[in-house]
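The hints should help you fit chain V onto chain X, whose structure is shown.
One-letter residues, chain by chain:
Number of protein chains: 2
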Amino acid sequence: IAKEVAKLLEMKAQLGEDEGKHKFVLKTPKGTRDYGPKQMAIRERAFSAIISCFKRHGAEVIDTPVFELKETLTGKYGEDSKLIYDLKDQGGELLSLRYDLTVPFARYLAMNKITNIKRYHIAKVYRRDNPAMTRGRYREFYQCDFDIAGQFDPMIPDAECLKIVHEILSDLQLGDFVIKVNDRRILDGMFAVCGVPDSKFRTICSSVDKLDKVPWEEVRSEMVGEKGLSPEAADHIGEYVQLHGGLDLIERLLQDPKLSQNKLAKEGLGDMKLLFEYLTLFGITGKISFHLSLAPRLDYYTGVIFEAVLLHQENEHVEEPVSVGSVAGGGRYDGLVGMFDPKGRKVPCVGVSIGIERIFSILEQRLEASEEKIRTTETQVLVASAQKKLLEERLKLISELWDAGIKAEMLYKKNPKLLNQLQYCEDTGIPLVAIVGEQELKDGVVKLRTVATREEVNVRRESLVEEIRIRTSQ
Amino acid sequence: IAKEVAKLLEMKAQLGEDEGKHKFVLKTPKGTRDYGPKQMAIRERAFSAIISCFKRHGAEVIDTPVFELKETLTGKYGEDSKLIYDLKDQGGELLSLRYDLTVPFARYLAMNKITNIKRYHIAKVYRRDNPAMTRGRYREFYQCDFDIAGQFDPMIPDAECLKIVHEILSDLQLGDFVIKVNDRRILDGMFAVCGVPDSKFRTICSSVDKLDKVPWEEVRSEMVGEKGLSPEAADHIGEYVQLHGGLDLIERLLQDPKLSQNKLAKEGLGDMKLLFEYLTLFGITGKISFHLSLAPRLDYYTGVIFEAVLLHQENEHVEEPVSVGSVAGGGRYDGLVGMFDPKGRKVPCVGVSIGIERIFSILEQRLEASEEKIRTTETQVLVASAQKKLLEERLKLISELWDAGIKAEMLYKKNPKLLNQLQYCEDTGIPLVAIVGEQELKDGVVKLRTVATREEVNVRRESLVEEIRIRTSQ
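These protein sequence lines map, in sequence, to chains X and V. Just so you know, the first sequence maps onto residues 1 to 474 in full-length UniProt numbering. Just so you know, the second sequence maps onto residues 1 to 474 in full-length UniProt numbering.
Possibly wrong hints are sitting among the right ones.
One copy or two, it doesn't matter: identical chains are merged, so the pair holds either way.
For lysine to any residue, the following SDA-like pairs were computed, each having C-alpha atoms within a straight-line distance of at most 25 Å [stated by the list, open to error]: (1) K396 x K413; (2) K82 x Y35; (3) K30 x R43; (4) K388 x L441; (5) K266 x N112; (6) K417 x V457; (7) K124 x S353; (8) K346 x E71.
It is worth saying that the hints were derived from the structure and are not from the lab. Values in this document were obtained by computation on a predicted structure and should not be read as measured data.
Excised from the complex, chain X in its bound form:
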């Protein structure tokens, strides 16, 4: 019997193996994707616009590890903590993948006792969220963060963050956009004067946040029905959160008999006024809207918050532009660094994060719709031969070109056909072909062909590098 059992077990094991092989799935993990060469070319274009802007504003750059001690991330994200990826306990420290770049930045500042820095950081972050890949929502995605840390005069760095968002969105030509601005202190003050109990601030905040997607009536019924707020308080909130505007609205609210009595709200409104004055000097108030319904998305924001959304005219006959979603956000977080400092020393910070994945999605769709052919290499010249047995000559020539800094390729064939070599240039956009042949070798020249015009000239070998440079410099 034992023998039979062993036999059966063996058979079963074999079956299991076969099954295993069969089930093997060739894919990237859920919510992630590869970037192929074309997507990378688009990505590099967007990154380059963003990095230029960050550098224009004098930012340094830092990088931190992709994972942090688990306890570094604990207690920083409220409800969203459940979306954090943990690493398996394989002995040693408990680790988690970073959820954003802000908490690692704060940890970096506290750890290195830095009280003053302006830095950017472009890296991937990880969230176990429900992916919606067509809309650019992934589980692994890039963030492009710019932050200013330090004790400064009010709203000057905050205004610069908004200027940066304005510059980047304009530069990328994504279409019309608006940057909504609010302040946690204004929201909290408003809730207080409307009679919301302290314990309900957070949950009412998240209801208010839905106002950009659902009408007020629905939000109100959630507040009263699900969250147990009094109808009077809800109506009172309704009067405020449907407001949006500019300096005039701020002035009006500063005169509001109830709000102006609340210390927090008054502080927030005062700073908002200052912010708008600075934004006027920057000439960008046309795209900025003070939005009382904008709620802080993350626990750690303490002051100004903002979010940029693209306005998209779905259809020319539609009057109201439809919001296609947030492409940048940020705000002030004055308490976060103090959470890491052993003595609780605070470093005030304000920053912005560009939601680059949505921007990629838009740029990708746009490129697909257009006729533009995007090049994925920078090769200037293909080293080719017209006859057989010239591999050695091609290797010698291409080596000379590489050593002179010319971007050059050749086909990895001993005897490629000239037609195939020319076709390769057509396919990949290589503008020039340097052709070696028996006669050219004897004459000490190389035949240089311009792919687009099919024009060919003999160039002396010693002038080839210079000639290629001239013909490929714009």
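Okay, now just chain V, sitting in the frame of chain X:
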């Protein structure tokens, strides 16, 4: 009693909390590090040299997720699999952090049915190894990979990979180096003719690999003592693995009565000869050494393997240069893509990986030893004021400069002292100061100061951008 217990438990809980707070460690995970602005500046320099080289050779760029399905990595790294970081099972797929960029590349090719590509990929990989951070060995570290996939004529892409290593190491000026080359087929053939049983190939291979660190006598006693190889076989191996040289050695071994009888060895030696012929055309054989003791570090290599090591004259009086370790490595892996293809279709590949962390370590140490002050921003001009109450004027001017593409900063103070503003330029290397003052405003000019020379000139406001461009262009 119950009450007392509850009280005690509460006290204990509080104590526990305090302890917890106390124990909180402010650090990055073991084997990882932050890159501050200075380190980033060095890193960017090295990356830029490497990327230029990859682009010069016509490579496209791709990116893959930081984690893969666990089964994607299973069975690819042999012994080293234990060093893979797994993610915690939080429901859903089982994931692991990538261990290198080669296996994800192979998965990408198979998944997208790509049979022909030349690509680079620069990204972090993860290994739960014993870190040795001063020597540039981390648990999170960058790899810079260049690979050529496709069915081509023998050794042409392989030669290009070695040319690339040669170009990069020369360009980075890391000092003298040698690129050791061998072929798995030559090793396997050699083991066979020396009488090593098939089952012992791997383990004897790893003994041979130690020859660059310990003398032959030790390696031999490991083979015979620990690994149970016959003394005759070991001695026979010893005759081969201590050899290194160039074309002459290859020719000699091709005549070797035993090796030349072995099909694998003969194939490998034939290709090695071809490789050296191509490298001669590239003019780089001076730095290439055919090393019979070089063993494949990873399971998936099938043909040519290579490793670049820096030679470092510890001390001018020492005659033999001391190897400071590997800075690049790679080889041919013709079977890896087939492991992912449902039908086992093979895509031959050869590639190189630059060990950039060691290179960073060297560049960092060199910079620290030198007097060179490295700039961490690119700011061209500081917008400053000489008197109080000029914040608005500074904001207006800096906004104009940003919009014109000038890299500009200002201090985030309402009324900064001129001395502090000038000091900031000295500290951060900003070359120019644009000073606004009452008089300048009236005259429609800005005072432009060159920090290095302290020279000041009044520039008309409308010429300022042009003037800054001229003064900061090299």
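Hint check:
{"no.": "1", "hint": "K396 x K413", "verdict": "within (15 Å within a copy, 61 Å between copies)"}
{"no.": "2", "hint": "K82 x Y35", "verdict": "neither (27 Å within a copy, 28 Å between copies)"}
{"no.": "3", "hint": "K30 x R43", "verdict": "within (21 Å within a copy, 32 Å between copies)"}
{"no.": "4", "hint": "K388 x L441", "verdict": "within (14 Å within a copy, 74 Å between copies)"}
{"no.": "5", "hint": "K266 x N112", "verdict": "neither (35 Å within a copy, 58 Å between copies)"}
{"no.": "6", "hint": "K417 x V457", "verdict": "within (20 Å within a copy, 64 Å between copies)"}
{"no.": "7", "hint": "K124 x S353", "verdict": "both (12 Å within a copy, 22 Å between copies)"}
{"no.": "8", "hint": "K346 x E71", "verdict": "within (19 Å within a copy, 45 Å between copies)"}
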